[in-house]
Amino acid sequence: MNKGTILVIILLYNIFILIVQSIHDIPLRVDIIEECPTGSIIPGIAEYLQQLISREQMKGLIQTTTFQLINDGTFSNLFSLDSNTGRLIVNGRIDREALCSSWDNNAGTSGSVGINSNMNDIVVTQRNSNLMNANDFSNSSPNECLQALNILIITRTNQESTHLTTGAGEKHAETPVKTSRILIHVIIHDINDNAPKWHENSLLHVSFVETPSSSNNNGWNTVQTILRPINENDAIRNAKSIDRAYDPDMGQNGTIIYRLIGPGADYFRLADNFNRKTNNDNNDQYHKTKDFAGQGGVYNLTLLASDLGNPPKSTSIPLLITLIDVNDHIPQFHNPVNQYEVNNHLNSNNNNNLESNYVIYRPLNGNLRETLPIGSFVLQLNASDQDDGLHSKLVYGFCPCDRNLAQNYFKIDSITGRITVGHSLDYDNGPRQFRFKVSPI
Numbered sequence: 010m011n012k013g014t015i016l017v018i019i020l021l022y023n024i025f026i027l028i029v030q031s032i033h034d035i036p037l038r039v040d041i042i043e044e045c046p047t048g049s050i051i052p053g054i055a056e057y058l059q060q061l062i063s064r065e066q067m068k069g070l071i072q073t074t075t076f077q078l079i080n081d082g083t084f085s086n087l088f089s090l091d092s093n094t095g096r097l098i099v100n101g102r103i104d105r106e107a108l109c110s111s112w113d114n115n116a117g118t119s120g121s122v123g124i125n126s127n128m129n130d131i132v133v134t135q136r137n138s139n140l141m142n143a144n145d146f147s148n149s150s151p152n153e154c155l156q157a158l159n160i161l162i163i164t165r166t167n168q169e170s171t172h173l174t175t176g177a178g179e180k181h182a183e184t185p186v187k188t189s190r191i192l193i194h195v196i197i198h199d200i201n202d203n204a205p206k207w208h209e210n211s212l213l214h215v216s217f218v219e220t221p222s223s224s225n226n227n228g229w230n231t232v233q234t235i236l237r238p239i240n241e242n243d244a245i246r247n248a249k250s251i252d253r254a255y256d257p258d259m260g261q262n263g264t265i266i267y268r269l270i271g272p273g274a275d276y277f278r279l280a281d282n283f284n285r286k287t288n289n290d291n292n293d294q295y296h297k298t299k300d301f302a303g304q305g306g307v308y309n310l311t312l313l314a315s316d317l318g319n320p321p322k323s324t325s326i327p328l329l330i331t332l333i334d335v336n337d338h339i340p341q342f343h344n345p346v347n348q349y350e351v352n353n354h355l356n357s358n359n360n361n362n363l364e365s366n367y368v369i370y371r372p373l374n375g376n377l378r379e380t381l382p383i384g385s386f387v388l389q390l391n392a393s394d395q396d397d398g399l400h401s402k403l404v405y406g407f408c409p410c411d412r413n414l415a416q417n418y419f420k421i422d423s424i425t426g427r428i429t430v431g432h433s434l435d436y437d438n439g440p441r442q443f444r445f446k447v448s449p450i
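Here the sequence shown stands for residues 10 to 450, where the numbers follow our numbering.
Just so you know, nobody snuck in bad clues.
25 Å max Cα-Cα, derived DMTMM-like pairs, lysine to aspartate or glutamate:
#1 K206 / E43
#2 K206 / E44
#3 K420 / D435
#4 K206 / D104
#5 K322 / D104
#6 K446 / D337
#7 K420 / E379
#8 K206 / D275
#9 K420 / D394
#10 K402 / D422
#11 K187 / E56
#12 K322 / E209
#13 K402 / E219
#14 K322 / E44
#15 K187 / D81
#16 K322 / E106
#17 K446 / D411
#18 K322 / D275
#19 K402 / D337
Note that these hints are calculated values from the structure, not bench results.
From just these sequences and the hints, can you work out the full model?
Written as structure tokens, this is what we have:
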């Protein structure tokens, strides 16, 4: 072997030594998937450890080498290490959410979903906040669940012998022991093993106060909040907060979308004030007329929370929405007689000053006999109010402008609307025609 060949070999050997030394200084990063089966071998660990000791083996100095996993916490208890081969074996359950709970629990412990009484349900998203490295590993990604393992390499070498003198004056040699600690960074990858959930809630409840609009052409107030195009300022002002579901998974597995299900769900939408994403951007679409009061003011819906994992996991919770009614409807009379013919007949009379939108009542035969006894039935008023509760209760009475005349001859039951004869009728000496207004309040 010539001198040049020897120099090349020496140079390559030195380069190899530098590479091995640099590998030794940089922690090894390995990837595992949470919930991997017990008994699984973590790839790359044994090869890495063998590479680290190969330098001493090439020198022929190593007599024996053993490996030991340093027990320094909960994470290390989940593994066992083959002391001879360096194989790292899973020995317990790898639960990313339990191991990294202090990093991502804040994703679901606070926050709310806004709900408002406008049209069309909207799907919103919630992402877990960035994970923070519990051990402050400077090289880790903020979204990584990173844990550390420490492995001790114990080598006995033939390089030197130390002669020890015993108490009897005898001497013997002891093989020197060299130890080194190796840091392993384990990145735990998330799987979709958790469904969204609500903390300590079995029912969500939210209430809205009905918002009346201006009067329509018929003179009656109607609720049109859900008909008009959505105004974002109104939506924010009228929004109510409900508890948000929580999914401890990461990334898409922890991203939650919400959907309202049930009769009446189309008249509400969900919105996130912080990060609004929708599956329907048509905020100006009109829907058919919908009056909350007509539904009794109560909606029993289901709020469905689904993550974006593959396959997705879902959880639902009952959502009770109640509407607090306001007195925004005017009572309406209903005439059992054909109103068109009645109005036509009256409007053809030039002396008739009644407005065409009044409901006209008259006795069944068109007149009353003067011999009718007091208490005899005259007319039955029929009115209704679309409001709920006390706002729908009606009280009938004579209008103040006609009260002096009408109440001298007739009585009206304020609850039922039944009009009866209250005074004797006299065709010759008394009024022969009565025209008066009544109103429900």
